[in-house]
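Visitor: As they're listed, the protein sequences go chains A and B.
The numbering of the first sequence is the numbering used here, which starts it at 1 and goes up by one.
The numbering of the second sequence is the numbering used here, which starts it at 1 and goes up by one.
Just so you know, these hints were derived from the structure itself, not from any lab.
A couple of the hints might just be wrong.
Covered stretches of chain A, as calculated for chain B (at least 3 residues, CB under 8 Å) [as the list claims (entries may be wrong)]:
hint : stretch
1    : 46 to 53
2    : 169 to 181
Residues of chain A clear of chain B, computed beta-carbon distances all greater than 12 Å [stated by the list, open to error]:
hint : residue
3    : 118
4    : 139
5    : 292
6    : 297
7    : 316
Computed spacing ranges between beta-carbons, pair by pair [said to hold, decoys possible]:
hint : chain 1 : residue 1 : chain 2 : residue 2 : range
8    : B       : 324       : A       : 114       : 23 to 33 Å
9    : B       : 89        : A       : 193       : 35 to 45 Å
10   : A       : 24        : B       : 359       : 26 to 36 Å
11   : A       : 114       : B       : 359       : 22 to 32 Å
12   : A       : 193       : B       : 227       : 46 to 56 Å
13   : B       : 392       : A       : 17        : 47 to 57 Å
14   : A       : 314       : B       : 181       : 43 to 53 Å
15   : A       : 316       : B       : 10        : 19 to 29 Å
16   : B       : 82        : A       : 289       : 48 to 58 Å
Being a predicted model, the structure only gives us computed values, none of them experimental.
From the three backbone atoms N, C-alpha and C, an ideal C-beta is built for every residue, glycine too.
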Amino acid sequence: MPPASRRIDLAAVRALAPPLLAYWSLAHGAFGSWDRIAVGLNRATPYALTGVGIALCFRARVINIGGEGQLALGGLAATWVALHMVPAPRPIATLCALGGGVLAGAAWAGLAAGIRLKRGVHEVLATLLLNFVGLLIVSEVLQGDLGEPGSGFPQSPLLPAASWLGRLVRGTDLHVGVLIALAAVAVGHVALWRTPFGFRLRILGASAPAAAYAGISPARALMSVMLLSGGLAGLAGAIEVLGVHYRLIDGFAHGFGFNAVAIALLGGLNPLAVLPAGLFFGFLETGAVAMQRAVGVPTPLVAVIQGLTMVFVLSAMGLTAGRRRV
Amino acid sequence: MLRMLGITKSYGSVRANRGIDLVVPPRTILGLLGENGSGKTTLMNVLFGLVRPDAGTITFKERPLADHTPREALAAGIGMIHQHFMLVPAMTVTENVMLGWDAAGRWLRPAAVAEHIRTASHRYGLDLEPDARVGALPLGGQQRVEIVKAILRGAELLILDEPTSNLSPPEVSGLLDVLRRLRDEGRSVIFISHKLGEVLAVCDEVVVLRDGAVAGRARAADTDRAKLARMMVDRDVSAPIAREEGAAGAERLVVADLVASDATGVERLGGVSFSVRSGEVLAVAGVDGNGQAELVDVIAGLRRPTRGHVFVDGADVTARGVTGRRQAGLAHIPADRHTTGLVGDMTVSENLAFRDCDGPPFRRGPWLDFGAMRAAATERIARFGIRAGGPDVAARTLSGGNQQKLVLARELTRRPGVLVAAQPTRGLDPGATRFVIDEVLAVRASGGAVLYVSTELEEALVVADRIAVMYRGRFAGVMRRDAVDITRLGLMMAGALSESPDAAALYGRKAR
Chain A
1 MPPASRRIDL AAVRALAPPL LAYWSLAHGA FGSWDRIAVG LNRATPYALT GVGIALCFRA
61 RVINIGGEGQ LALGGLAATW VALHMVPAPR PIATLCALGG GVLAGAAWAG LAAGIRLKRG
121 VHEVLATLLL NFVGLLIVSE VLQGDLGEPG SGFPQSPLLP AASWLGRLVR GTDLHVGVLI
181 ALAAVAVGHV ALWRTPFGFR LRILGASAPA AAYAGISPAR ALMSVMLLSG GLAGLAGAIE
241 VLGVHYRLID GFAHGFGFNA VAIALLGGLN PLAVLPAGLF FGFLETGAVA MQRAVGVPTP
301 LVAVIQGLTM VFVLSAMGLT AGRRRV
Chain B
1 MLRMLGITKS YGSVRANRGI DLVVPPRTIL GLLGENGSGK TTLMNVLFGL VRPDAGTITF
61 KERPLADHTP REALAAGIGM IHQHFMLVPA MTVTENVMLG WDAAGRWLRP AAVAEHIRTA
121 SHRYGLDLEP DARVGALPLG GQQRVEIVKA ILRGAELLIL DEPTSNLSPP EVSGLLDVLR
181 RLRDEGRSVI FISHKLGEVL AVCDEVVVLR DGAVAGRARA ADTDRAKLAR MMVDRDVSAP
241 IAREEGAAGA ERLVVADLVA SDATGVERLG GVSFSVRSGE VLAVAGVDGN GQAELVDVIA
301 GLRRPTRGHV FVDGADVTAR GVTGRRQAGL AHIPADRHTT GLVGDMTVSE NLAFRDCDGP
361 PFRRGPWLDF GAMRAAATER IARFGIRAGG PDVAARTLSG GNQQKLVLAR ELTRRPGVLV
421 AAQPTRGLDP GATRFVIDEV LAVRASGGAV LYVSTELEEA LVVADRIAVM YRGRFAGVMR
481 RDAVDITRLG LMMAGALSES PDAAALYGRK AR
């Protein structure tokens, strides 16, 4: 090979090396070891859970953007149950804490739905504003009763080990919540496409007059889909607390709720497709942390990638809008 | 002027156009006739560049037209006036004409455009005031705005899609005069319609489409209604309608003193009472907007009355919702099949099931039984002769007549005791209209009670055992079939006559 072209090759390699290194560290951070994969899967779990609920809401044209607050309250309730219940063996303690999370998330979403139905405040506004209330309640409680004395950080004491979510694979952080998320995705899919309930949601979303003509009560449908979606978000919050942090930390819900909206849309509001969308977001985020450590690429760049993905996917879906199934 | 040769277009397995030849000479009004779904709309969309044909050529004014956009069709001199007007109601006539018109210039000169409108309006007898707000014009006036838009843009071939369906009789004759003047000026017109009388009155030539192919052509002077109707549907729709004159039975639908208001709180229904008996059709005639929609909605359970009661087979259903009334035996054909009667984006089988998904056969335990839905859909597609690509195609892809058959198939296979049909033939061609009427009369023959709301008096007279006229939320009068007086009915519809009907007319006699 003549020297000139070799020089060009070297220059090309030099120019290409840093981005390739960055991508490599992103991929390595996401998939480089079983442990990294476990972290990514754990991260995707709340995304999939909350995303499925929001997809069902959006199918019925119920715009629930309160995932953040519902998730935060779910985590708070799970913490409270775990800290205050009488000592119980492992599966029972965990199930009680998870149940508390579900109920709290559902109640928070139900509150927004009630405001919508009784006071006529649009659910976009009601759910959005209740996010702030929910997050502030968590902060407030961590400053007070539920805070860990002397830690200097707004967090709860470590939860009793009996309430922790079991590990799925020894030696990694992978917890049982991943299976719960898989089950929720399957249930969401079946509910939407195989039951009268899902059929009603789809009719309501496709045409409000047709729904009235079909005898569907919009109020009942709104309330039930909001309770379901809030329950799933609350469950996601509880799993995050019981499976990852083992305590309630201020700001733990940050970003989950709104990213879940993006994931639901990315999945085309199909529960099954929400799963890969959630995994994509989860692995992208765990990889980003590694990328920042390795080559100093700031993690906010991942937010940029997520944003671009959304724009591309939604534009592509816009092109096929007429052919999609409602 | 226009030659379309061998136009072919398929949507999936449905062949909408099968090698259609259409030739429009200069100075001609050509009537394009055909049932819904016969391919008229597709053909015109091909011509206007909205749809690309699979095969075929178009020559317009000796120049080929292929792969063109609507903008290019407009520039070539083809103007299309749709059934639903493309106007901005809040703007004036002048502003609407200038909108999207390149020749209006970079700097708008409303005064000059207004002058053009005045000239054209005078020349063709359009009677348009350039400064009028379009939303304030009657539908006939809005249509003339569309016509002036097309003329000023230099259209030499005007396509009018169902131009008379929303017009009152004097407006129709005015429109036909305008079309004649346009022809005498040297322009050509394609006049798409179902109404044979108008086609014969104004057209020079007639082309009839059926099943996506040309079924016949004729000079208007050499043909008549019966011949055209036979070309259109290949069966005799003018055959007398069979109705058995049986005795009306027990009261199945009873409405007592219904009062209801619309969303803004204006009273639309001012105390209506009547009953419909087994084996009987009560037709409600009247000009649209006199409370018929509210009456239907209240009976169907879509609107709460402020006073009064509805009984189905003796049971007070006033407090029940839509589902409760359906279970009591009430079927409902809503006036708006596009957003109420059907969900366009859902499949045929989903549309056939969506009012019955709460019980067998479509619900099995907690599940929706898609197998049963598909089987029922296949069976009903065959039984009602619905032209669809199968149970899994979107309802939106069906033609208007077939969409209405879908609604009928869903509501009538339930074998309802009471049928409330609101404008069930609106926008349908003669063949589909005849189908609907036959099905409604079949419900009557099997002992059902039918409330039939129609703004077409002729049609109401065909189906009715008794005919009521609604005016301003009340019955202006009720007549028995054997005592119908058209003059009095007309006066009632116009609000010039109101008579308090006797009990026999309102509630029907027990036996005949």
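Visitor: Now tell me if each hint is right for this structure.
Guide: Structure-based check of each hint:
With 0 residues having a Cβ less than 8 Å from any Cβ of chain B, the stretch 46 to 53 of chain A misses the three-residue criterion, and the hint is violated. For the stretch 169 to 181 of chain A, the stated coverage by chain B is not satisfied: 0 residues place a CB nearer than 8 Å to a CB of that chain, which falls below the threshold of 3. Every CB of chain B is more than 12 Å from the CB of residue 118 (chain A) (nearest about 18 Å), matching its label as outside the interface. Its beta-carbon lying about 41 Å from the closest one in chain B, residue 139 (chain A) satisfies the requirement of being farther than 12 Å from that chain.
Here residue 292 (chain A) stays apart from chain B, with its beta-carbon at least about 44 Å from theirs, past the 12 Å limit. Every CB of chain B lies more than 12 Å from the CB of residue 297 (chain A), the least distance being 43 Å, so the non-interface label holds. The non-interface label for residue 316 (chain A) is consistent with chain B: the shortest C-beta to C-beta separation is roughly 19 Å, beyond 12 Å. Between residue 324 (chain B) and residue 114 (chain A) the beta carbons are some 25 Å apart, a value that agrees with the proposed interval 23 to 33 Å.
Hint check: residue 89 (chain B) to residue 193 (chain A), Cβ distance near 41 Å, so the stated range 35 to 45 Å holds. Hint check: residue 24 (chain A) to residue 359 (chain B), Cβ distance near 59 Å, so the stated range 26 to 36 Å is violated. In this structure the hint that residue 114 (chain A) and residue 359 (chain B) lie 22 to 32 Å apart at CB holds, the actual value being about 30 Å. The hint said 46 to 56 Å for the Cβ distance between residue 193 (chain A) and residue 227 (chain B), and at roughly 51 Å that hint holds.
The hint said 47 to 57 Å for the Cβ distance between residue 392 (chain B) and residue 17 (chain A), and at roughly 53 Å that hint holds. Our hint of 43 to 53 Å for residue 314 (chain A) and residue 181 (chain B) holds, since their Cβ atoms are close to 51 Å apart. A hinted range of 19 to 29 Å holds for the C-beta pair residue 316 (chain A) and residue 10 (chain B), which are about 26 Å apart. Take residue 82 (chain B) and residue 289 (chain A): their Cβ atoms lie about 57 Å apart, and the range 48 to 58 Å holds.
The structure fails to meet hints 1, 2 and 10 from the earlier list, while all remaining hints are met.
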